[in-house]
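Enquirer: So the chains spell out like this:
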Amino acid sequence: MAKSPHNSEKDKINLNSFIGGMAVDYKYGIANSFYYSQGLDFRSKPSQMSVLPGMTAISSTLRDLITCMCQDINGVRYAVGNQGWIYRINTSGVISTIGKLSSNGGTGIVYNQQSDSVYITSQNSVSIYGRVSSASPQLLLDQFGPSASIANTVIYTFDNAVTPGGYDGGAGTVRNNLGSVGTYQSITPSNYTGLVTNTLTNTFTIPNVISEQPISITSFIPDITPIYSIAIYLTAKGTGNLTLTLHDALNNSIGTVTITNANLVIGWNNFIFSTPVTVTPFALYSGTSAAYHFHLTSSVASDTSTVATINAGDVSGLNFVLFVNRLNTTTNGWHPAVIFNNKLCIGNGSYLATYDFTNDSSPPNSSFIRQAIQLEPGYEICGLTINNQYIVIAAERRSKTANLNFQDGYLYFWDGTNAFANFRIEIPMGAPYALQTLNNITYFICAGSLFAWGGGQQVIKVRYLAYQNTDYLGVTDTTVINPNMMDIRYNLLMIGYPSSTTNVNLNYGIYSWGSTELTFPNSFCYSYAPSISNIVGQNYSASNNMQLGMIKNFVDTMYTSWQYTDSNSVTRYGLDILNNSSTPASTFNWQSLIYDGGVRYKRKKALRLKIGFLALPANTTLTVYYSIDRGAQISGDPISNTPFTATVGQTSIVVELNNARFYELQWGFTGTCTSATTAPTITSVTMEIDPREEELAIRKDYT
Amino acid sequence: MNQDLAQNMPNQSLMMQTYTPTFGNLNFQIEPSQSGEVSNTFGTIPYLSLESLIYQQQMQAQTSPTSTLPGQNTGQQNISGQYTVTDSTGNQRVLMGYSANGF
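Sequences listed follow chains H and R, in order. Taking the numbering used here, I'd label the letters of the first sequence as residues 1 to 703. Taking the numbering used here, I'd label the letters of the second sequence as residues 1001 to 1103.
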């Protein structure tokens, strides 16, 4: 309430509700908001603030940074790290290592109760651990690894006589029996030699040089990507090493593999590319373009090596098998996974892969569909969640040069049956990270802000999490938020932020958003600090390389994974836990908005600051401070240096400010809990001021 | 208003209804006004409920529930199986598709 000039009564800026949470601005926010809080619960009872439980490390000796976690029917939890280590947390909370994926973890782990198995994504495949309720679960690495394409465009030759200039719809001649043996099972590099037959009696002698003549190339139209290997049937072995060269339609070489003569065998030989080769599915064959094709050459002239072909001296009818990885190699390294419409849905680069759980042993390509829907080229899936009848797919473009990144993404919405995404929303502000749905509102983090989509045309910017803006910092914003950095705890949205960054201004931790009651406003705050904040602080530095991997909440238990580099340059990985045995957070603090009375231009005078609280529990401290004109926080008597600290059992502390003239004033408190069992509870914050109404003239600031 | 309770202003819920995607928050203002008198409160702005905003958005949602077909369709529709229409008593009135009585 404004004061008239003649009224010299002392004013009190009194806060006994804290329901507004953290404001974005220094000076104004919604009613009962403040500038900052850490480790304080002001939602359960908004007339007070009590200290939240703190996170503690249950392991500091993990082998990598956990990026995803799930739980089975028995309460056992499973997690996978960014380097592929698989962890098991038993019902007593003891962590053990199950094994290691053959490549880095893909941020995807899902438990299916029907098969009682855990499905884990890695870079190019899916592994299975199960049955987890059995006495001896098996870790089946790369269970869904490469499998053969059985598309007609691969297993049949092209017959230009039937359809000149294009694919003939299978009217050509079939190379082998892949179409029949591959319909109901996986044809893999492990089993194909016993399943795929060679009945061709003609041969082609492998030349020493590449020729683009039609009879010297083997063309095919891939239906899936990326190519893992190409197996060819050798009918005679000469003296040379054999090289397979894969060309695109413009005869650009996109992959070569050589098998030395000593390793060649009569029969099947699998040419495995050192890195999977990404191709465009259904790239058209035309009469003037061979589309994708490959060549076989020998290291020696006049070699006697021959391969099985339909027509003599014509390698276009070669008997070969095209093996394709189940998952694409991605730049972001992620393959998040969820169950939707009874299918395992996996982010597969710019595709969404689905698996219907019908054959864990040997799923045919119709069961594990690599490309259920396709996104725009170059966009990679960075998050999955479910909203109503849709799976929501977040996609980003990730540069291989971290400091020269793109700035856009998409949200795709798919009903699980349509041939393509039902609709999409462009996100030009940045990559939409850490998708999470709460109350049928899908949230994501983009460029340092929390966004929400609840069914409308627009995504809604909820608020800043942090000023990710790097103006004046001289560093590029490389902030990344991993796919599983948001979860729900006690009906509130938990936001782990960030995962990795080089922005030293960002405050690592778990933030929260939401309200506890219908009439209360949604509010935001910094709720939980990772345990390593006691070691390396809460901000990134080049030396600490701090990162958060994921957060995951199970009712009253929340996990947070982290990594940092210690003073000996050793990278440490660990896992924090927060549960019903956790003690109050080791540190907590609160900071008011900056008060200027709406009249920044004139000086006011601060008289007394009083903080009220319930009897201060044992093993806790609470220290009050104030700051004048954005200066240093003064937390002790300027003359005697006596700290403004309450003692155990007290219910308030009052600070007398000596001639504290100010234009802007801010106040707050910090506290600690050391093995405390009872959380401190703050009930009021009051600052008494003299408005100095008689001082009306506008003058230059006193300095 | 009791000055000691000045910070305990109720949420100005009516403000929630004044946001449109086109015009933004019509009632955005900072309270108290910057009149030159010394206020004993922090500056406040009206609360805007995310849920109410989403409710407004859903009024103009671009998507319709998949279980409901709109009344008008254009283009070709391919149906695998049969297309049947039954009346309120359950009697079949129209059958399209391969069947003894279909067409």
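Since the hints were derived computationally from the structure, they do not count as laboratory data. Hints are supplied without guarantee of correctness; some may be wrong.
[Unchecked claim] Which chain H residues face chain R? A few, computed with CB under 10 Å, are given here:
1. 462
2. 464
3. 596
We treat Cβ as the ideally placed atom computed from N, Cα and C, and that holds for glycine.
Enquirer: Compare the structure with each hint and give your call.
Expert: Do the hints match the structure? See the list:
Taken as an interface hint, residue 462 of chain H checks out: its beta carbon lies about 6 Å from the nearest beta carbon of chain R, inside 10 Å. Using the Cβ-Cβ criterion of 10 Å, the hint placing residue 464 of chain H at the interface with chain R is not satisfied: the shortest such distance is roughly 15 Å. A hinted interface residue such as residue 596 of chain H counts as satisfied when its beta carbon comes closer than 10 Å to some beta carbon of chain R; here the least separation is about 8 Å, so the hint holds.
Hint compliance for this structure: hint 2 is the single one not met.
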